[in-house]
Every structure is written in C-alpha cells, then in structure tokens.
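With the hints as your guide, set chain R onto chain D.
Note that the protein sequences, when read in sequence, are chains D and R. So in the numbering used here, spot 224 of the first sequence is number 225, and the numbers just go up one at a time. So in the numbering used here, spot 344 of the second sequence is number 345, and the numbers just go up one at a time.
Calculated from the structure, these hints are not laboratory results. This one's a predicted model, so the numbers in the text were calculated from it and none came from an experiment. Warning: the hint list may mix true and false statements.
As the list makes no split between identical chains, a pair holds if one copy fits it or if it spans any two.
Stated by the list, open to error - Distance condition first, Cα-Cα at most 16 Å in a straight line; then the derived EDC-like pairs of lysine to aspartate or glutamate:
1) K84 / E51
2) K392 / E327
3) K354 / E316
4) K392 / E105
5) K331 / D93
Here is how the chains run, residue by residue.
Protein chains: 2
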Amino acid sequence: VTIELINTGTELLLGRVLNTHQQWLCRELADSGYRVSRQIAVPDTLGEIEWAVQEALGRAELVITTGGLGPTSDDLTRDVIAKLLGRSLREDSAVLAHIQNIFERLNRPMPDRTRVQALVPEGALVLQNAHGTAPGLAMEVPQGPLPSRTGWLIMLPGPPRELRPMFTDSVLPFLRRVLPARTEFVCRTLRATGIGESVVEARISALLEPLVQAGLELGYCARPGQVDVRLASNSPTAHVLVAEAESIVRARLGPDVYGEGDEELEEALVRLLTHRGETLALAESCTGGCIANRLTNVPGASAVLLAGLVTYSNESKIAFLGVDPETLAKHGAVSQPVAREMAEGAQKRTGAKYALSVTGIAGPGGGTPAKPIGTVYIGLAGPFSTRVEHKVNAFDRETFKNVTAQQALDLLRRSFLSEPVA
Amino acid sequence: VTIELINTGTELLLGRVLNTHQQWLCRELADSGYRVSRQIAVPDTLGEIEWAVQEALGRAELVITTGGLGPTSDDLTRDVIAKLLGRSLREDSAVLAHIQNIFERLNRPMPDRTRVQALVPEGALVLQNAHGTAPGLAMEVPQGPLPSRTGWLIMLPGPPRELRPMFTDSVLPFLRRVLPARTEFVCRTLRATGIGESVVEARISALLEPLVQAGLELGYCARPGQVDVRLASNSPTAHVLVAEAESIVRARLGPDVYGEGDEELEEALVRLLTHRGETLALAESCTGGCIANRLTNVPGASAVLLAGLVTYSNESKIAFLGVDPETLAKHGAVSQPVAREMAEGAQKRTGAKYALSVTGIAGPGGGTPAKPIGTVYIGLAGPFSTRVEHKVNAFDRETFKNVTAQQALDLLRRSFLSEPVA
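Isolated chain D, as found in the complex:
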C-alpha cells in the first residue's frame, strides 16, 4: 500500500510549530505494517493544498491529510477537496447534532460559523470526533490515471487530542478492512554508545550484506554520543531476517549496545541500578546538572539517585565534596586528581555505592594550550576503587554537556559488565 501524508498549516511552513503529526502518524502506521512513502507540508492556501492533494492522489493508494477542517477562515481542506473531486457538500444532521451537543455541554452559545464543520462531501464516510467538533472524513477516490483503480483519501482534524484517538479508534480498523497491509512489517532498533557511526558500520555491514540482499533494511541514525542501528523488513521472512540481523549486531557490537527501541542511556542506567538495588551520587562541574537532569527524567530515579552536587566554584568543591584546597591549587580544578576527589567525596558524603564526577572546560571560554576547550575528566568511585577517564569533547557547549553526560553514564554502565550484582 503506497501512502502519502499531507500536513496543512501555514504555521508549519513559518516554522512556528513542530510537525508532531508526522512522527506520530508515520509511527502508528509503520507499527501496523503500513509505510508512508512521502510526507508533504503545505500552507493554508487554496492552490497549494489542491496541488499537493492532486499530485498525491496520482501516486498513492492512500492519502491522509491533517488540519483544515475547523471553523475558521484558514480551514480550507474540506472545501478544496470537495471541489477537486467534483463532490457537492451537504450538511450532515448527525454531525450537526454532535456539534450542538458539545456547545450545550460547555454551556456556550454555538457560533454560526461552527456549522460549516457539519458539511460532508457527497459519498464521504464520517469518522466520529469524540474529542472535538470537526469529524474526520474518508472518501473512495479514483487513484492514478486508470479510472478503474480506486484509492482512499482520509481527512483528519488538526488538534492532536482529536486526531490521535480518531486515528486509533476509527482509521486503523478501517484501513485493515479496506487496504489490508500486504506484508508484515518488523522493525527493531538497537542503540549503541561510545562508538562512532562509521565504526559501527565497519563492524556490521559486511556480515549483514546477505540479509540485506534477502530483504533486510539497514539504517543508521547518529547523534553525538549515540548511534542507532535500525533493522527492518517487510519481506515474507521479516521475523527471521530481523532476528538474525539482531544477533549479528549484538555479537559484533557487544557491550557497545546499551539498549533497544526508544530507551535512553539514562533509562537503561536507572533500570540497571534498580535491578541491582544500588545507589548513585553525582558531582558535576562542567556538565552543570545535565547528568542529574537526564537521570531524573526517568520515573523511579528517586529510588537510586541520592544526590547530585553541581559544584561549579572551587569553594563549593571544597565545601560540599571535601576536595582538598591543595589539590585544587596544585593541579587546577580540571584535573585527574580533582575528578578523583570529587567522586570519592560525593560517594562518602552521600553513602551512595557509586559516585560519578565530572570536571572540565565546556567553553566557549576558559581553554588553554595545555587544557583546550573540551578537556574533561570523568571519575567513577565504586565500592572497591576509583577510576578517572580523560576525554577531549571538542563540541559546542550544549553538545559538550550532553556527550560528557553520556560518557559518564556509560562509564558506570560498563563497570556493571565486570561487576555482577554483589
């Protein structure tokens, strides 16, 4: 099934809002075995909407539009599509009753203009809107140049809290009936850290090549400090292909794979610490709370994170972590010995089993020839020993913080590999 998605909205083309519909709908469709081959965003102007819909109908068996069904003057989708397909609009009494009922429940007068939402193109099916006034609409339409072939055009309202339940409750069951997915779609994402995108590819691509020839789709998505490997297939043997590919990737990347699906490294770490019944403390200088913030985004973090100390100044390193003023004077705040004392101080003063420390130079100021911007020392105090790693993360300030946080979290994760639960 060829599917195209058209998002209407001038605010999208002005960059005033993020197109969350695209991600949400594409994902829901993919997880149900449907793949969107193209997504298009156009402003709320007659010509652009008409042009985009007409082109999409020439290519795709299913076209989904979002937005433009509301009551205001820039809601044009319903009118444009009725005109394009030569269908007249009639007022649907059930839809009108639904709209009137909503205004009665809100105890507000119904503005006249609202009534336009009850207009339905001839031959269209109405998709109930349980959370708003404008219904969705589904129409069987000529598909491509041959008059005998038909496809479907589905119009969904713009507000996410109306679109999403309508899609799940009405559109998906409808699609399964009228356009059943011809093949199953299997998709698995493995997430790796501490390794670059091209190294990942060098390790796995040759071994995966036979599976790719057999119908495996292999995709890489890199962001600083992380590489996602996506294994997907909609061939008849999709399950087998993806499972074989996964075992190859896991074998070749080994401990570089920290998780799967959407799992962030901090989620993996909270999961591991919770499972091990162990606790953590943080002593952050240049990451400025980034590690604490990431960990506390995870529900349940409070059970494993005892405290995070953002000790930017030398005085606070001394006061809160017990760093020796002489160590600071002799080696400087950005140094291996200070990272060690920070981690050990946080561990001792909180009673946590593990403590991570970070001290470095985030930039844009503060670099020297001996310690350039990006220099960072990451300490891990464990029950038996403390280790400190030295990195140079020469990135912009926010990326530096995130990559360094990632490395610190990963240092702890990897230490678990050699230290099974006590």
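Showing chain R alone in chain D's frame:
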C-alpha cells in the same frame, strides 16, 4: 523566491524521530524574509530522493535538502543529485584535509568509508562544516522547463549541530547575495512568561487590530510556561508597524515580557545577574537538576552560579542544606517550611546572594489527595527575606520539571524588578 525543503531520512517516514529541521529551517528562513512553500520528507531510497528533488526543481527557485551526506550506505543524497544533474564527483582536497584533521584532533583512526564525504559534484560550492565531517554543497541548477532560468540547490548535513551553524553562517549570507528577498521582512518576537496564551491575546489583540488591518502579521506561539508574541510585516511600512506594535505589547504585558528573539529565560537571568554582579545557588529536589542544567547552558553562567544541590533524598536535604529533620518529619519533604529551609540552607552554605529551592511531586507516582502530582513549593532566599510560592503543575514528568524550572527562574527575575542593584 519560491522555496521547497526536502528532508531525507527513512527514520522520518517510520516516525522514529521528529523532523526538527523543518521547524528550524522554516523559521530561520521566514525571519529573514524567505517563505517555504512546500516541505517534503522522503525515505533514504534512490528513487524517492531523485523523484522528490526533480519535482521540486521544476517548481522552486531554491531547493534545500537535509541529510544523506554522511559516510554510511544509506547516505545517498550527494550521489543521487550528482547523477540527476549529470555532474561527476571529484574528491576535494581541502574537504579531505578537514576530515583528516577532525579525526586527528579526536585522536581516532579515520575509517576509509569516511573519505566519501570529500566527494563534491562538479561545479558545486563547498559550505564549510565547522562541527562535523560532511560539508554542505550549493549548486546552481536549471530551474523549471526553460533552460535560461536557473535556481539553486543547497544540500545540508543531517545532524542539527552541523546544519544549524552552517545555515546561519554560510547559507543565509549566500542567499541574501544570490536570491535576495524581494520585500523587506521585519519580524520581532517578544517572549512572555507567567501568563497564559488567551490572557496575552485578550490584553493585546483589540489594540493591535488597526495595525493588523494595515499589514501587521500577529502570531502567538505557546509552550508550557511561555508565550511568544510574533510581530511581523513585509508591507512597505513594516518597520513602523512592527515598532508601534511592539510598544503596545510591551505596555500591555509589562513585566510579563522577559526577553525578545530567541532569548531563553535562563539567558535573561544570567544576563541580569552578571549585570548586577550578584550570585545564585540552587537547591533542587523534584526538578532534579533541570534548573542548574538550563542555567549552565548559558556561557558565563559559572560567574554567577556558585553551586546547585540536587537533594533528592531526605538525608541529602539534611546533610547538604541543613534542613531540620523535625521539619521534614512534621511537614513532609514537599512543604512550604522545607522549601524555605532548603533555600536558606543553600544561601548560607554557598555564600550566594540569592538561592532558589524547589520541592514537589513530579509524578507519575507519589501523589496523595492532599498533595496531588504536580504540587510544588518554590523558595527564594534573598538578602532581606525568604518567600515561598505554591503551585500545582499537573503535567507529564518532563514538562513538570521544565515549567517548574521556568517558574523558579521567573520568581528571581521578578524580584529584581522591585530590588534595583544595591
């Protein structure tokens, strides 16, 4: 100037990531007087990319592509476009040297495959990538059916931290030269906090109506804890219209406006504290380092932020902030008296002039009928007194953290309005 944007990436069509490029690029272009008329996302497959680029070149004077310039096998954009336009690829020695230099600085071996990023289509201009290996490319191309008309095709790398500075530093100045915007576009954004979108609209819209009739575009963009008011015009009197609108909005919103353009509240606060020569400490419980992380994203934060203490556990509130165990036992950790003692403890132990504290229930667990999820107490200890505010921020966990951080930062900002620099 007709502009189309093509985002390549199978992960977009599978709904695995949000298309942040669309919003960012459309916004940057709009703010510089350029409007995108269509945006298209296609998967990383030869046919789809070729088809989309060819169609776009038939319609638009400027086509911008994102992604597909990296070193892996699904990076196809450069090859597809060179083939489509009949241009051969040659290795650019300056680009190769740049890539080699990056690997040397990182002290990592350069994988062979990386070299492909130094390939440049014949006649293309190279846009330097200051933050990564793959350069951007700009090509003058035949535009539409007439061979005499030419347009531009610009290829940008996918990673946002590479794309964004490249666009700002290279692409925008280049566009102003080769495709100057035909009308002047004046755009001003004022950012307000502590006030809802509909209240903002109620206060300003009627007064702005005559200016809107005269050619002012008025836009609102709300996210939790913040409302942006966008005043734009490309009429001949754009400057006057926008300036008049700005003075009306500033007069009507008063201290609710904290900044303009892209300035975040944390940037405004670091700017104010630096100007006043004053220092800050933080005592965060439920925001888990979010306030510290936001403040330390701002270059120069180290001069004003002495320390941030993420005291999740009761023990750490006692040990690091000197909160009285009896106060905790009597009122609970989420209470007005604990917020007060946290702020005063952080202020006293760091010697900072101001200290902010936060204690609350982020959810999804932990709520009670008396203290539902979202309950939060925000304390501000100043030189003369301490105040504590009570809020209920009933959002998901991450939104809760961000909105609460916003309120805490704003509490300090507003206190400056009545306390001029000593």
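task: Could you check the structure against the hints above and give me the numbers of any it violates, in ascending order?
output: Of the numbered hints given earlier, those the structure breaks are 2, 5, listed in rising order.
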